[in-house]
Amino acid sequence: MKGIIKKCTALLCSACMVFSASAMSANAKDDAKDSTKDERRLPSGITYESFYKHIEEDVSEYGKEGFPDMYCSVEAIVFCGDEIISTVRAGEIDRENHIPADENAVYEWGSITKTMVWVSVMQLWEQGKLDLEEDIRTYLPDDFFQHLSYDEPITMLNIMNHTAGWGETTYTLETADASSIRSLEEELRDTEPHQAFRPGEVVAYSNWGASLAGYIVERISGMSFVDYVHKNIFEPLGMEHTAIAADHSDNEFVMEQRKLLKTYEFDIMKGEYSSPLGNALYYITLYPCGAATGTIDDLATYAQAFVDDSHPLFKNKETQEKLFTGTVFNGDNIYSSYGFFASEYYVTAFGHGGDTVACHAYMEFDPVTKYGYVEVKNSDDMVMLFDIMPKRVFGGIPKERYSAEGAEKYEPKGYFIQSRSQHSGILKSLSYLTGISADMFESKKLDEGYYHLDDNTIAYVDEGRVVETLGKTHYSDGSSGVRLLGSELIPEKLYIPKILLFAGFFISAFAAVFVLLIKLKFRRNGMMKPYTGRAVLTFGEFAKIIAVFDYVTMLALCMSLESAGFDKRAGTVCGCIQIVCALICTVSAIVSAYGLIAKKPETFRKICYIGDITGNVITVWAILFFEMYKFWGC
Amino acid sequence: MKLIKSLMRSDIISMGVSKKKLAVFLFIIGINFLPGLLMEEPILVIYLPVVAGLFVPVMLFDLNNNNGGENFFSVIPTDRKSRVIARFLLSTIIMTVFIVLCFIIMYIKNMIGNTDVFGDVYKTVFGINEGGVLGIYNIMLSFMSAVGMTVMSVMMKHYFSKGPKAKKAGVLRIILYIIAAYVCLMLVSAAVTAFFSLEIFSLASEIFMAVFSTLAGPAYGLIVTVILLAFGYGMIIYNGMSAYIDYEKREL
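Protein sequences appear in the order of chains A and B.
In terms of the working numbering, the first sequence opens at residue 1 and continues consecutively.
In terms of the working numbering, the second sequence opens at residue 1001 and continues consecutively.
Be a bit skeptical, because a hint or two may be false.
[Stated by the list, open to error] Partial pick of chain A residues on the chain B-facing surface, computed with a CB cut under 8 Å:
hint, residue
1, Ser403
2, Phe510
3, Leu517
[Said to hold, decoys possible] A few chain A residues that don't get close to chain B, going by computed Cβ distances all over 12 Å:
hint, residue
4, Glu96
5, Asp102
6, Asn104
7, His311
8, Glu321
9, Asp439
10, Leu485
11, Gly526
12, Phe542
13, Gly611
Since the hints were derived computationally from the structure, they do not count as laboratory data.
Even glycine gets a Cβ: it sits at the ideal position worked out from N, Cα and C.
Model the full assembly from the supplied sequences, consistent with the hints where possible.
If you want it as structure tokens, here you go:
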């Protein structure tokens, strides 16, 4: 058994290594440039010649014998200014029908769409129509917000920095039914999340916030966000094969081409990619946060605009330069700049990633050296070709930039929850279930782990070298956390008791099952004695069981991609069931308490009543604390 | 309560008399335990609660055969309810101590040794870190503990329900039970793997894994561990109550 497992492990590890180094098919095309230019070097320091050789090796490895099924389609472009250095197209967007990944293939860009919101905002700012520091309520209808927790103004800059304080929305932002898509305002009003943090304090990536910014663009410009982007981004750049409407109806080519693409995911059990979701055609209702869909060539055109000295997206060069000056910092390092996330390599590159159910997309560029890299694929798996490409283009953090020698080790204690999670509403429990313990920062090796670089920066050291820097955050209560990409890890007090309460919710249901079985056995053997509140207590047992089933159903709906996530209809049903169960459990607990106090029962019955009260209290407490009843969102 | 304590004490003393069965029990424990210690495999202890669950009722009820059977209880001042409670309470305490020891051994081995091949698979294939691997060990051990407690309580109920009609659990029978348990475990693992690899069940398996991994993630699998152990104790209580009902009705 051990031998088989070791062989399987080796097989899978080898596959991963091969795959990460290569895995392109014989159909892959590489438009490598003329070798007379191979003396030039990428920002990483490697020559063009070496870079082309890597590409050739990847091409030759694709579809290697033994691992023919370990790939999905990938398209990638490396550019420098307006020059395309390398274009790679590999695999098939539909393997069953052999449709290749070519220049006509369209992919969903996901959250890269948000950068179009930020560009639109900066365009309006440039025109003097929008103040980045003003309270956004100025631009919105009265009483737009229903779930704000703080009186402090929320500015457009807060939204761009993802520091407006909103947690994740409760319900899905996607639908499989294009006819159910409503106006942006209606969708925003219906899905407003809870404001969990004070504006400006905590980074918590917010799809809803970005979409709200798109709505503000609509209100200021007087046209729909779709029309605005077409007029002010797509047309000036000549992006003719990109759509941004939720249902892609603003570009017929994209609409038709998107139907040809299937999404693939790696099935560990089978050791191959499969397509259980098929086309996975889900429409993002809050479309400014992630609906852009187009070809890799259009994505490259868009990315190239940011390194173009003629600043095609802005009237003034200063606006384009301002875009990359930094608005959120980890110590001295830029964390993000007007919505673009910064990454440290030999150079500082700016960009954004995007993930939808069907696709993964990536865009990164350095405004100084003008090199950039864009990539799209029809899978959201991370074990993929080209995960190492950004480092090939931009390099790693040079040794001389940081030294962790003599630095104090970062040793946090306790548990953290992520700022980017549901902090209120029917799915509040998810923020605890995705909690992280301090041990993720530990390392057994001496030359590996997390170290303090300064009071605001933590470095991850691997084999004695700093490979990544993270922000250290400080909160008003004196605690500190860690800033990751798009989220912060915030220390959570009393995490274990809260988890135990959650476990108690399940245990009460199991106990209820046993109680019912025992009651049945007593009854069948004629040994059941009458006692106060028998019927009510029995209802209480059923209520506890139904509450747990209902919760597990909610979780299953959230996890199931087949249903495009957890929608409001399902949430309403689940929430109402929780409310009814909580009420029944409360009544049952009261009746048990009455039986215990007023009726002075025998010892065995006393134990039963006390057990019943305990189970009901735990169930009701868990339902209230984790807000499992709050189907209205927050 | 005094009566129950006295009954438990008398059982403990009598268990020392049943040296043959005790020796077999310790031998089987040793077979599982020692290789695990030597090879620094944290996961090998997970079978021990099931082994204990098989042996404890056998040793306890073997006392009846050595000490005059049920007639013994007809001459001492006790009632059937107390006998059931005492036996179940004692076996629960023995199992609890045993399970706690297994957890302690697992944690020590996890701290001092490199993770075993299971841990390597989880880390490599699923990208789970050290904390996550410990969480999986917790869940596996607590699952087997729940199985052990269930086995123990079902066997205890069987002995109370059937009385002299219950088949004697000789040494060979116990060893066969243990082998059968291992084989069943392998068969169940294979069946589950086959089940989840079938296309029609792939969605169910995906959802199950997503829900399970969400619940199993936090705090080294604390939620699932606590739930599984509570389930095990729940089975003991349920089978104890059932045993009491059956024993009350049984003619001696």
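Now for the hints, and whether the structure bears them out:
The restraint placing serine 403(A) at the interface with chain B is violated, with a minimum CB-CB distance near 26 Å, outside the 8 Å limit. The criterion of a C-beta within 8 Å of any C-beta in chain B is met by phenylalanine 510(A), whose closest approach is roughly 5 Å, and the hint holds. For the restraint placing leucine 517(A) at the interface with chain B, the shortest Cβ-Cβ distance is roughly 6 Å, inside the 8 Å limit, so the hint holds. Here glutamate 96(A) stays apart from chain B, with its beta-carbon at least about 14 Å from theirs, past the 12 Å limit.
With 12 Å as the threshold on Cβ separation, the claim that aspartate 102(A) sits away from chain B holds: the shortest Cβ distance comes to roughly 30 Å. Non-interface status of asparagine 104(A) relative to chain B is upheld: no Cβ of that chain comes within 12 Å, the nearest being about 31 Å off. The beta carbon of histidine 311(A) sits about 42 Å from the closest Cβ of chain B, which is more than 12 Å, so the claim that it is off the interface holds. Once the 12 Å rule is applied to beta carbons, glutamate 321(A) is consistent with being away from chain B; the minimum gap is 39 Å.
Distance check on aspartate 439(A): its Cβ comes as close as 4 Å (rounded) to a Cβ of chain B, failing to clear the 12 Å threshold; non-interface status is violated. With a cut of 12 Å on Cβ distances, leucine 485(A) stays outside the contact zone with chain B, its closest approach being about 17 Å. Look at glycine 526(A): its CB is around 10 Å from the nearest CB on chain B, not clear of 12 Å, so calling it non-interface is violated. Every beta carbon of chain B lies more than 12 Å from that of phenylalanine 542(A), the smallest distance being close to 17 Å; the non-interface claim holds.
Remark: the non-interface label on glycine 611(A) conflicts with the geometry, its nearest Cβ contact in chain B lying 10 Å away (cut-off 12 Å).
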